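Please put together the full structure from these sequences, using the hints given.
Just so you know, the protein sequences line up as chains R, E, Z and X, in that order.
Once you know that position 61 of the first sequence is 60 in numbering that gives the first Met the number 0, the rest is easy, because the numbers rise by one and skip nothing.
Once you know that position 91 of the second sequence is 90 in numbering that gives the first Met the number 0, the rest is easy, because the numbers rise by one and skip nothing.
Once you know that position 6 of the third sequence is 5 in numbering that gives the first Met the number 0, the rest is easy, because the numbers rise by one and skip nothing.
Once you know that position 243 of the fourth sequence is 242 in numbering that gives the first Met the number 0, the rest is easy, because the numbers rise by one and skip nothing.
Hints were generated in silico from the structure; no laboratory data involved.
Note that the coordinates shown come from a computational prediction; the quantities given were computed from them, not determined experimentally.
Certain hints may be false.
Unchecked claim - Incomplete in silico selection of chain Z near chain R, CB under 8 angstroms:
1) Asn159
2) Pro161
3) Gln196
4) Ala205
5) Lys231
6) Arg232
7) Ser274
8) Gly276
Glycine included, every Cβ here is placed at the ideal spot set by N, Cα and C.
As a plain string of letters, each chain reads:
Protein chains: 4
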Amino acid sequence: MQLDDFKNVAANYRVIFFDAFGVLKNYEGLLPGIENTFSWLQSTGKEFYILTNDASRSPQELAESYHRGGAYAITPDRIISSGMLAREYLDLKVNHGTVAYLGTEGSAHYLETTDLKTLPISEVDLSDVSDINALVLLDDEGFDWNTDLNKTVNLLRRRNIPVIVANTDETYPVSKTRIAIAIGAVAEMIETIVGKQFIRFGKPDAQLFMFAYERLEHLTLPGNDSFKPISKRDVLMVGDTLRTDILGGNKFGLDTVLVLTGNTQPQDAEIQIRSTGIIPTYVCESVVISD
Amino acid sequence: MQLDDFKNVAANYRVIFFDAFGVLKNYEGLLPGIENTFSWLQSTGKEFYILTNDASRSPQELAESYHRGGAYAITPDRIISSGMLAREYLDLKVNHGTVAYLGTEGSAHYLETTDLKTLPISEVDLSDVSDINALVLLDDEGFDWNTDLNKTVNLLRRRNIPVIVANTDETYPVSKTRIAIAIGAVAEMIETIVGKQFIRFGKPDAQLFMFAYERLEHLTLPGNDSFKPISKRDVLMVGDTLRTDILGGNKFGLDTVLVLTGNTQPQDAEIQIRSTGIIPTYVCESVVISD
Amino acid sequence: MQLDDFKNVAANYRVIFFDAFGVLKNYEGLLPGIENTFSWLQSTGKEFYILTNDASRSPQELAESYHRGGAYAITPDRIISSGMLAREYLDLKVNHGTVAYLGTEGSAHYLETTDLKTLPISEVDLSDVSDINALVLLDDEGFDWNTDLNKTVNLLRRRNIPVIVANTDETYPVSKTRIAIAIGAVAEMIETIVGKQFIRFGKPDAQLFMFAYERLEHLTLPGNDSFKPISKRDVLMVGDTLRTDILGGNKFGLDTVLVLTGNTQPQDAEIQIRSTGIIPTYVCESVVISD
Amino acid sequence: MQLDDFKNVAANYRVIFFDAFGVLKNYEGLLPGIENTFSWLQSTGKEFYILTNDASRSPQELAESYHRGGAYAITPDRIISSGMLAREYLDLKVNHGTVAYLGTEGSAHYLETTDLKTLPISEVDLSDVSDINALVLLDDEGFDWNTDLNKTVNLLRRRNIPVIVANTDETYPVSKTRIAIAIGAVAEMIETIVGKQFIRFGKPDAQLFMFAYERLEHLTLPGNDSFKPISKRDVLMVGDTLRTDILGGNKFGLDTVLVLTGNTQPQDAEIQIRSTGIIPTYVCESVVISD
Numbered sequence: 000m001q002l003d004d005f006k007n008v009a010a011n012y013r014v015i016f017f018d019a020f021g022v023l024k025n026y027e028g029l030l031p032g033i034e035n036t037f038s039w040l041q042s043t044g045k046e047f048y049i050l051t052n053d054a055s056r057s058p059q060e061l062a063e064s065y066h067r068g069g070a071y072a073i074t075p076d077r078i079i080s081s082g083m084l085a086r087e088y089l090d091l092k093v094n095h096g097t098v099a100y101l102g103t104e105g106s107a108h109y110l111e112t113t114d115l116k117t118l119p120i121s122e123v124d125l126s127d128v129s130d131i132n133a134l135v136l137l138d139d140e141g142f143d144w145n146t147d148l149n150k151t152v153n154l155l156r157r158r159n160i161p162v163i164v165a166n167t168d169e170t171y172p173v174s175k176t177r178i179a180i181a182i183g184a185v186a187e188m189i190e191t192i193v194g195k196q197f198i199r200f201g202k203p204d205a206q207l208f209m210f211a212y213e214r215l216e217h218l219t220l221p222g223n224d225s226f227k228p229i230s231k232r233d234v235l236m237v238g239d240t241l242r243t244d245i246l247g248g249n250k251f252g253l254d255t256v257l258v259l260t261g262n263t264q265p266q267d268a269e270i271q272i273r274s275t276g277i278i279p280t281y282v283c284e285s286v287v288i289s290d
Numbered sequence: 000m001q002l003d004d005f006k007n008v009a010a011n012y013r014v015i016f017f018d019a020f021g022v023l024k025n026y027e028g029l030l031p032g033i034e035n036t037f038s039w040l041q042s043t044g045k046e047f048y049i050l051t052n053d054a055s056r057s058p059q060e061l062a063e064s065y066h067r068g069g070a071y072a073i074t075p076d077r078i079i080s081s082g083m084l085a086r087e088y089l090d091l092k093v094n095h096g097t098v099a100y101l102g103t104e105g106s107a108h109y110l111e112t113t114d115l116k117t118l119p120i121s122e123v124d125l126s127d128v129s130d131i132n133a134l135v136l137l138d139d140e141g142f143d144w145n146t147d148l149n150k151t152v153n154l155l156r157r158r159n160i161p162v163i164v165a166n167t168d169e170t171y172p173v174s175k176t177r178i179a180i181a182i183g184a185v186a187e188m189i190e191t192i193v194g195k196q197f198i199r200f201g202k203p204d205a206q207l208f209m210f211a212y213e214r215l216e217h218l219t220l221p222g223n224d225s226f227k228p229i230s231k232r233d234v235l236m237v238g239d240t241l242r243t244d245i246l247g248g249n250k251f252g253l254d255t256v257l258v259l260t261g262n263t264q265p266q267d268a269e270i271q272i273r274s275t276g277i278i279p280t281y282v283c284e285s286v287v288i289s290d
Numbered sequence: 000m001q002l003d004d005f006k007n008v009a010a011n012y013r014v015i016f017f018d019a020f021g022v023l024k025n026y027e028g029l030l031p032g033i034e035n036t037f038s039w040l041q042s043t044g045k046e047f048y049i050l051t052n053d054a055s056r057s058p059q060e061l062a063e064s065y066h067r068g069g070a071y072a073i074t075p076d077r078i079i080s081s082g083m084l085a086r087e088y089l090d091l092k093v094n095h096g097t098v099a100y101l102g103t104e105g106s107a108h109y110l111e112t113t114d115l116k117t118l119p120i121s122e123v124d125l126s127d128v129s130d131i132n133a134l135v136l137l138d139d140e141g142f143d144w145n146t147d148l149n150k151t152v153n154l155l156r157r158r159n160i161p162v163i164v165a166n167t168d169e170t171y172p173v174s175k176t177r178i179a180i181a182i183g184a185v186a187e188m189i190e191t192i193v194g195k196q197f198i199r200f201g202k203p204d205a206q207l208f209m210f211a212y213e214r215l216e217h218l219t220l221p222g223n224d225s226f227k228p229i230s231k232r233d234v235l236m237v238g239d240t241l242r243t244d245i246l247g248g249n250k251f252g253l254d255t256v257l258v259l260t261g262n263t264q265p266q267d268a269e270i271q272i273r274s275t276g277i278i279p280t281y282v283c284e285s286v287v288i289s290d
Numbered sequence: 000m001q002l003d004d005f006k007n008v009a010a011n012y013r014v015i016f017f018d019a020f021g022v023l024k025n026y027e028g029l030l031p032g033i034e035n036t037f038s039w040l041q042s043t044g045k046e047f048y049i050l051t052n053d054a055s056r057s058p059q060e061l062a063e064s065y066h067r068g069g070a071y072a073i074t075p076d077r078i079i080s081s082g083m084l085a086r087e088y089l090d091l092k093v094n095h096g097t098v099a100y101l102g103t104e105g106s107a108h109y110l111e112t113t114d115l116k117t118l119p120i121s122e123v124d125l126s127d128v129s130d131i132n133a134l135v136l137l138d139d140e141g142f143d144w145n146t147d148l149n150k151t152v153n154l155l156r157r158r159n160i161p162v163i164v165a166n167t168d169e170t171y172p173v174s175k176t177r178i179a180i181a182i183g184a185v186a187e188m189i190e191t192i193v194g195k196q197f198i199r200f201g202k203p204d205a206q207l208f209m210f211a212y213e214r215l216e217h218l219t220l221p222g223n224d225s226f227k228p229i230s231k232r233d234v235l236m237v238g239d240t241l242r243t244d245i246l247g248g249n250k251f252g253l254d255t256v257l258v259l260t261g262n263t264q265p266q267d268a269e270i271q272i273r274s275t276g277i278i279p280t281y282v283c284e285s286v287v288i289s290d
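Next comes the structure, spelled out in structure tokens:
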């Protein structure tokens with residue numbers, strides 16, 4: 000398997016979409032040297048966005064966590080999270096009443112900007128659910144799994160309401176050797192039990208890519224091609240997970256880079272590409288650029 | 000849809016296999032009048048067995064719960080539980096070391112009669128798992144879902160060991176209007192996350208039926224046909240759930256009765272039979288026989 | 000279940016997206032009186048698009064079939080087919096070589112406009128496949144199922160190439176009482192066999208909606224609101240199938256109408272909405288407007 | 000990964016269950032030298048049975064094919080095929096009328112010994128199906144896939160009848176480099192389309208193992224242990240496929256041997272065992288015994 004140099008690859012594109020976890024940071028924090036990558040992007044006038052399935056924190060909170068690590072280039076407006084799609088859905092489709100949620104209070108910020116009242120599932124009274132018009136699964140923390148998942152199942156037996164899953168990941172790493180179950184896997188279990196079709200936002204779904212891509216339309220970009228409008232050919236998607244980042248990027252029509260700093264181990268990359276049939280345009284060791 | 004009288008139907012068979020929950024009892028206890036059914040079975044010399052996916056309690060404990068309700072005819076040797084298949088598997092296939100489990104202490108009685116040490120998942124030390132040679136999922140109670148399910152996932156990433164699911168049910172009723180998530184649904188979530196194939200015991204799988212059927216081989220049964228050996232034509236399976244009791248009974252070659260006192264509501268029975276293609280030989284309102 | 004009048008509902012929107020089969024036409028041809036609907040749309044200055052998973056014919060051919068039925072308002076530029084997404088994908092992501100396909104010669108028109116050579120799977124020589132860089136599943140006709148599906152499986156074992164499914168439907172009606180297997184169901188079978196992840200275009204996927212929605216951006220629409228840019232609130236999606244039209248429209252953020260002239264029978268609509276949890280904004284008997 | 004010698008392993012068991020394809024034979028015929036294995040089994044007084052998911056031919060025809068290759072020890076009574084389970088099901092559960100089938104005339108022999116009329120799906124008249132009381136999927140040959148699979152779907156929409164799948168394999172090898180789609184994969188496609196639950200016979204399901212195991216009960220076996228009744232500890236299951244042979248053997252409580260002459264390639268065995276969690280007791284290169 001041929002490994003390409005990230006800087007050489009990225010030089011050919013005007014916009015870079017990055018996945019966050021496993022690409023820019025891991026369970027220990029930002030990847031050492033990642034600020035060099037953003038310095039280079041800014042010095043060459045390239046645009047970039049972070050596309051993340053992490054709906055546990057708002058773009059502001061996420062940006063602050065990058066700033067604490069020294070990556071000042073990542074401003075809130077450059078972060079596109081699946082939680083933002085959940086909010087857009089609620090704005091457009093659920094006009095009134097209460098939205099129940101599974102997740103932390105922090106994750107519920109995505110919901111609080113709509114006209115809806117928000118209620119953690121732990122506070123739902125199953126004997127009086129007529130005002131609950133939607134349920135959103137945001138994060139695996141902030142509730143008691145046994146009590147509140149059973150409550151969720153019973154809520155969905157009483158109310159035929161839309162259920163939105165704002166993070167489709169099944170697991171996430173918590174240390175070099177351990178992973179944790181993410182809300183996406185919990186959502187699949189509940190969906191099977193109640194037999195209903197949930198609405199999922201997040202990679203590989205096209206909607207997250209579209210949300211980011213629409214922001215590019217009014218940009219003026221430097222470089223020789225600056226007067227041409229942005230097209231999908233100008234955008235490179237970078238991720239560590241074949242089934243979300245690479246599949247989603249490919250399907251949206253973007254060139255893709257698989258990096259080996261996260262979910263896909265160097266020794267497994269080739270066999271996984273062959274066995275899944277999900278083929279990145281390039282494979283790079285890391286997005287970190289050495290000076 | 001034609002409803003048949005249970006006594007008329009059962010009169011044509013020499014042996015009756017009953018599912019427990021939804022057939023003999025519900026969330027409130029034994030069905031009122033169920034003792035009449037067992038009196039009639041005994042007076043007519045019919046054999047009967049209870050085939051249950053409930054591995055949360057031993058046959059002794061289960062029998063005692065029937066006795067407390069007045070159904071003295073149900074002795075421990077007439078109860079065939081999926082937990083017994085889990086124990087047989089461990090006896091035959093896992094010879095030494097420790098078996099970790101998810102479930103209550105009561106459910107772990109199934110495991111304690113083997114030569115293996117048993118360890119609740121809460122007490123597993125993930126940094127020292129080399130002695131753990133199997134994992135058994137017994138019951139949805141007796142552990143902390145968030146902490147211990149994450150621990151389970153990480154155990155299975157470290158040890159390539161057989162995983163036995165001793166209760167394949169996805170949910171069970173806890174009141175007239177509420178259900179709870181059963182360990183079978185949790186097992187599916189973990190199986191998907193770790194990508195491995197678990198070993199399931201319990202209806203509709205043939206092995207539980209076989210386990211009961213083998214007990215019939217040495218029986219001498221009264222009646223005109225008593226000198227003929229028992230065949231599958233002599234056995235009637237009675238259950239409230241199409242996908243476990245009826246599918247499993249049909250596949251094993253038994254005639255089947257769907258009763259409407261549990262998972263299948265009277266108003267839904269016909270549409271469910273048509274939509275699933277799982278066709279009971281008879282449909283009866285209840286197994287309770289009025290005097 | 001409350002039935003709404005389509006004209007009353009549609010009056011509140013500026014743009015209507017229609018599914019084709021089961022909404023505008025059925026196995027017998029165009030719905031009688033459908034031309035009234037388009038006359039009314041034109042007289043009130045409403046925009047409309049046809050969003051179809053039918054990749055068996057080009058927009059030109061599809062438009063001609065409407066014209067033969069008297070619906071002259073449906074011009075090729077108003078037809079958005081999943082085949083157009085397949086073509087865009089090939090343009091962006093597969094730059095050279097040959098694309099093999101399953102489908103009729105007519106369906107292959109979608110592929111022929113790219114720089115790629117096209118080859119029906121029947122003409123693929125399995126001993127020389129190094130030039131084949133993509134496979135597209137377009138239609139269930141135009142090939143021998145036994146021979147060519149086996150050939151497809153073996154091609155995908157030799158070449159790790161992207162596979163595009165341009166019609167995700169599982170079946171389609173061919174008469175009042177009969178259905179036929181569509182290429183979407185065949186695609187799922189082959190995907191399971193080869194264990195790879197195919198790329199699917201077509202409802203409920205957001206990309207088909209996005210493709211249509213992007214066409215609205217430069218429109219000037221009449222009416223009181225004509226100077227406001229089009230938003231998702233101005234668009235109504237109309238379909239006969241919950242799992243494609245309604246789920247997809249809802250998720251994209253559009254209001255939705257379920258009509259009862261196709262896949263969803265009047266007597267089943269309520270139970271299907273409840274059992275799937277896919278909830279249309281409105282239910283109408285038909286889009287046909289009586290004078 | 001440790002490779003064991005088959006003769007050394009088998010010496011510790013009284014009965015050997017063999018899978019056929021990939022173990023005793025491949026697309027070119029019997030494995031060279033396989034007769035030595037059967038000579039040794041007979042000289043040491045070991046019992047053996049062939050457990051096969053191949054319902055395309057009767058035990059007589061299958062035995063003849065072994066005889067033509069020189070393996071005279073394999074008599075029809077030693078062959079247990081999933082077709083025999085299909086026949087037992089029809090005998091017990093479908094008493095009258097017609098059974099339609101997908102498969103060759105040869106495969107239909109399994110059905111012809113019952114009291115039922117048999118009818119290939121190609122001869123079914125969809126306008127008169129009231130006499131059809133079951134459908135059996137036997138083999139991937141003997142019918143036109145396009146025409147007859149569509150006919151099958153429409154039959155199952157008209158008649159709510161049991162559907163039996165007598166071969167659960169998804170593919171089978173036809174040459175060193177090519178595979179073909181087996182009826183098991185076709186069955187899954189149709190099951191998904193019609194939304195009904197089919198009845199599957201064949202490994203890994205316990206019923207095929209049980210069928211073979213019941214034949215052992217009246218045996219008198221030579222050796223030191225000859226006066227003890229046969230137990231599951233005396234039986235060794237040998238197969239080339241983890242998901243059928245090994246999973247099924249393990250679950251039934253047998254020790255298992257994975258051989259590397261069929262579906263599982265030597266270079267893939269270890270990774271497949273780890274990734275599936277299906278763990279054979281032993282891995283052997285082949286069952287062929289060199290003199």
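Against chain R, run the beta carbon of Gln196 of chain Z and see if the smallest gap drops under 8 angstroms.
Hint holds; Gln196 of chain Z Cβ to chain R Cβ min 5 angstroms, cut 8 angstroms.
If you take the shortest Cβ to Cβ gap from Asn159 of chain Z to chain R, is it below 8 angstroms?
Interface hint status for Asn159 of chain Z: holds (5 angstroms vs cutoff 8 angstroms).
Does the nearest C-beta of chain R fall within a distance shorter than 8 angstroms of the C-beta of Ser274 of chain Z?
Holds, about 6 angstroms.
Classify the hint on Gly276 of chain Z as holds or violated, based on whether any CB of chain R lies nearer than 8 angstroms to its CB.
3 angstroms, holds
Next item in the hint list is Arg232 of chain Z. Is there a CB on chain R closer than 8 angstroms to its CB?
For Arg232 of chain Z, the interface hint holds, since the closest Cβ of chain R sits about 7 angstroms away, which is under 8 angstroms.
Measuring from the C-beta of Ala205 of chain Z to each C-beta in chain R, is the shortest one below 8 angstroms?
5 angstroms, holds
Let me know if the C-beta of Lys231 of chain Z comes in closer than 8 angstroms to any C-beta of chain R, holds or violated.
6 angstroms, holds
Does the closest beta carbon of chain R sit nearer than 8 angstroms to the beta carbon of Pro161 of chain Z?
6 angstroms, holds
Violated hints: none; the structure is consistent with every hint.
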